[in-house]
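Chemist: Residue numbers (our numbering), protein chains in the order written: chain A, 1 to 112; chain B, 1 to 114.
Please note that a few of the clues may not be correct.
As the list claims (entries may be wrong) - Have a look at the derived ranges for each label pair, beta carbon to beta carbon:
id: 1; chain 1: A; residue 1: P112; chain 2: B; residue 2: N26; range: 32 to 40 Å
id: 2; chain 1: B; residue 1: F12; chain 2: A; residue 2: S73; range: 34 to 42 Å
id: 3; chain 1: A; residue 1: S73; chain 2: B; residue 2: V52; range: 36 to 44 Å
id: 4; chain 1: A; residue 1: N22; chain 2: B; residue 2: R44; range: 31 to 39 Å
FYI, nobody ran anything at the bench for these hints, they're computed from the structure.
Small disclaimer: the values here were computed from a predicted structure and weren't measured.
Yeah, the Cβ is synthetic: ideal placement off N, Cα and C, and Gly gets one too.
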Amino acid sequence: QKEVEQDPGPLSVPEGAIVSLNCTYSNSAFQYFMWYRQYSRKGPELLMYTYSSGNKEDGRFTAQVDKSSKYISLFIRDSQPSDSATYLCAMWRGGSQGNLIFGKGTKLSVKP
Amino acid sequence: DGGITQSPKYLFRKEGQNVTLSCEQNLNHDAMYWYRQDPGQGLRLIYYSQIVNDFQKGDIAEGYSVSREKKESFPLTVTSAQKNPTAFYLCASSIVRGSGNTIYFGEGSWLTVV
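Based on the provided sequences and hints, a complete structural model is requested.
Modeler: The structure is reproduced here in structure tokens:
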């Protein structure tokens, strides 16, 4: 079983829809959870960073962590065509700085 | 502006040649990283460095080399020993702390072997 699983999509939604992006993980040692957005041919940019179970909101974005189920989600409300990108989850299991593991990314397309 | 600068953006290499990708950051971050991104593979760690003059191998270090002579700079050399070097290479940096490390990426370098 891979440490981090993320459905690659592609996911296509109409403008204004609520988008749900998810990752599961197998290692309970993961402590910190991040979501990155990557536009085509660009470097990933950090969207959200969470530590504890529960929800964290930032504008149209909500990050949710359920450590008991080893499941994290990113919700995008009122999605826009500019949200079309690949979304990567990332998790850090502590210790070395090299212990940051990325999901493979979900490609999202928001149609006008 | 503060950030991470990678150069060149696009690079073509002939088989058997070594090439060096540049990465400079002015964020005053202690840690720097190199990742490789292939379609369907996600991000894979090549090397990382937590402090000047020290670096550690990541998951796919074979065929690559790095140096960290200055805090701001972390160049990556793709050697002729790397069998499949065509990929998108991402440099990143972060502060070093015991409570999580959010890393920030540069814009990437595309390497193509011709």
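Chemist: None of the hints should be skipped; say for each whether it holds.
Modeler: Each hint tested on the structure:
Range check, P112/A to N26/B: Cβ separation about 38 Å, and the 32 to 40 Å hint holds. Judged by the Cβ atoms, the range 34 to 42 Å given for F12/B and S73/A holds: they are separated by roughly 41 Å. A beta carbon spacing of about 39 Å between S73/A and V52/B agrees with the range 36 to 44 Å that was offered as a hint. The hinted window of 31 to 39 Å between N22/A and R44/B is violated, with their beta carbons roughly 22 Å apart.
When held up to the earlier numbered hints, the structure conflicts with hint 4 and nothing else.
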